[in-house]
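Chemist: Following the hints, position chain B against chain A.
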Amino acid sequence: MKGMLDLIVGDPQADRAVPPTGLTARLTVFVAAVMAFLAVIALALSLTTSRQAATWGEELAQSATLRLPADPDLADELLLAALEVLQTTPGVARARALSPDEQAALLEPWFGPDLPLDTLPVPQLIEVIAESDGYDKDGLAARLTAQVPGAVLDDHTTWREPLVAAANRVRLIGWAIIVLIGATVAAMITLAAQASLATNQQVIRVLRLVGARDVYIARAFVRRYTLRAALGAVGGVILGLLAVALLPGDDSGDSLLTAVGFQGAEWLWPLVIPLLAAIVAFLATRAAAFRTLKEMT
Amino acid sequence: MIELDKVSYGYGDTALFTQLSLTLAPGSFHFLTGPSGAGKTTLLRLCYADLRATAGKVRLFGQDAAALDRDAVAMTRRRIGVVHQDCQFLDHLNIAENIALPLTVADRAAEAAGNLQELLDWVGLAPQAAQRPPELSGGERQRAALARAVIVSPEVIIADEPTGNVDWEMSQRLLSLLVELNKMGKTILIATHDLAMIRSLKSDVNARVLRLKDGELTQAGAAL
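Chains A and B, in that order, give the protein sequences. Under my numbering, the first sequence has 263 at position 207, and the numbering climbs by one with no breaks. Under my numbering, the second sequence has 121 at position 106, and the numbering climbs by one with no breaks.
It is worth saying that the hints were derived from the structure and are not from the lab. Each hint should be verified, as a subset may be incorrect.
Claimed, not checked - In silico DSSO-like cross-links for lysine-lysine, where the CA-CA straight-line distance does not exceed 30 Å: (1) B/217 <-> B/21; (2) B/72 <-> B/21; (3) A/350 <-> B/228; (4) B/21 <-> A/350; (5) B/228 <-> B/72; (6) B/228 <-> B/217.
Given the structure is predicted, the values throughout are model-derived calculations rather than measurements.
Chain A on its own, in the form it takes in the complex (with noise of 0.2 Å):
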């Protein structure tokens, strides 16, 4: 802890003691801001498949769909017996028999719009809206097998699972690319510090000679680095959060594309980039010091 403290702390002038290098000090720079644009779209792409996830899964899970057998001869008495048990469930808060033109408009995609629905044996649909405890399944099931014969209840769980499911894994994709990138940034910057410390070595000996603890040397570069890694994620989240505020998007959720973005608090979560992007500079800079430092002994 105390050589962490020592790598923070102590003389402010200490990184004078090792030239300036532009070439390389440029590139890290630009290196991470590309990659805090990256984790900022990244960012973005997580929290939205993580807030639609939530969203439609809510949506599916609090409604269901009884469907009634196509027996025209029996339809009214289905209907009103499936509509009793349902009223008479507790934790069902509506249940709504779907109009001719609802089910016409729900078969559209696949038989046209000529449909002559009421001359085919269509079978009667009920839309099934839960409270937010909802409702025993297996009981209202049991029931409709005993008063509504052949009724099947969908709770849309064969959709929503795979949905979620999906969803989930495009989450947990974002955050593994969120990882990647800083190991990209530890990557990038290990090799820039070993770079610059095997220019310096000549430095790193008169240093070295006139009584410099290696943690002096270190701080040198693990400022540098830091400093420089910090001030190119600062640049890149500002890009990416331009980006992101430009995609065009609209507020119905229906298309996750149209969705991308981030949501009140939410735009707040780049603002750690930058500071995640400094202590990542800082470790791997710091372990690529003292390790070059100690192979230089």
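Modeler: Chain B in isolation, oriented as in the chain A frame:
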């Protein structure tokens, strides 16, 4: 203060010297002479832990040099001022910053302000303080190296051919500075092949003259 006890050192399979012993007592003044390639610089480097002996013991201020870790070596070097043959400056810093470097790396930069001006005046480099090392003459660089070696007020000063690149007048000036430091109680070890320079100082300082030749360290004779 600095003690080499039956020390050996070699490069590869070639032994430069073996079973060599030397003791630098506090306040002593030693010249180390010998032909080029005899190992004078190597012997000096052993004295400030820049090299590790292949056999024997090097004790620096009572500590076994072989047992010092890198931090301990750094702390030991703060007690030994070294004037290198090639000065060893950081060319991107000016002369004042180079002279203050031992204080800077010891996180004692605040102390530099007072000492620095005094030292620059002492070595006659005040007008050149803002210049970079490559802009200075050989003599000015040697004086700057001496100023850097003493800024932390070390107990021992080791100089490797400090007059190698300067004219006679300048070498006398540099040596008189070293004699002055010895009179202040500093232990001095100077490696040189310039016997005339040693002779010129014999009346000013009570110095031991050692000769390193063919791997053996002997006391130089009266011919000096």
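Chemist: Between the alpha carbons of residue 228 of chain B and residue 72 of chain B, is the straight-line distance 30 Å or under?
Modeler: Measuring from Cα to Cα gives roughly 21 Å; hence the hint holds.
Chemist: Check the hint pairing residue 217 of chain B with residue 21 of chain B against an upper bound of 30 Å on the C-alpha distance.
Modeler: Roughly 29 Å between the alpha carbons, so the hint for residue 217 of chain B and residue 21 of chain B holds.
Chemist: Between the alpha carbons of residue 228 of chain B and residue 217 of chain B, is the straight-line distance 30 Å or under?
Modeler: Holds, at roughly 22 Å.
Chemist: Taking 30 Å as the top limit, are the C-alpha atoms of residue 72 of chain B and residue 21 of chain B close enough?
Modeler: holds, 7 Å
Chemist: Is the hinted pair residue 21 of chain B and residue 350 of chain A satisfied, with a Cα-Cα distance of at most 30 Å?
Modeler: Given pair residue 21 of chain B, residue 350 of chain A holds - Cα atoms ~28 Å apart, limit 30 Å.
Chemist: Given the hinted pair residue 350 of chain A and residue 228 of chain B, is their alpha-carbon gap at most 30 Å?
Modeler: violated, 34 Å
The structure shown violates just one earlier hint, number 3.
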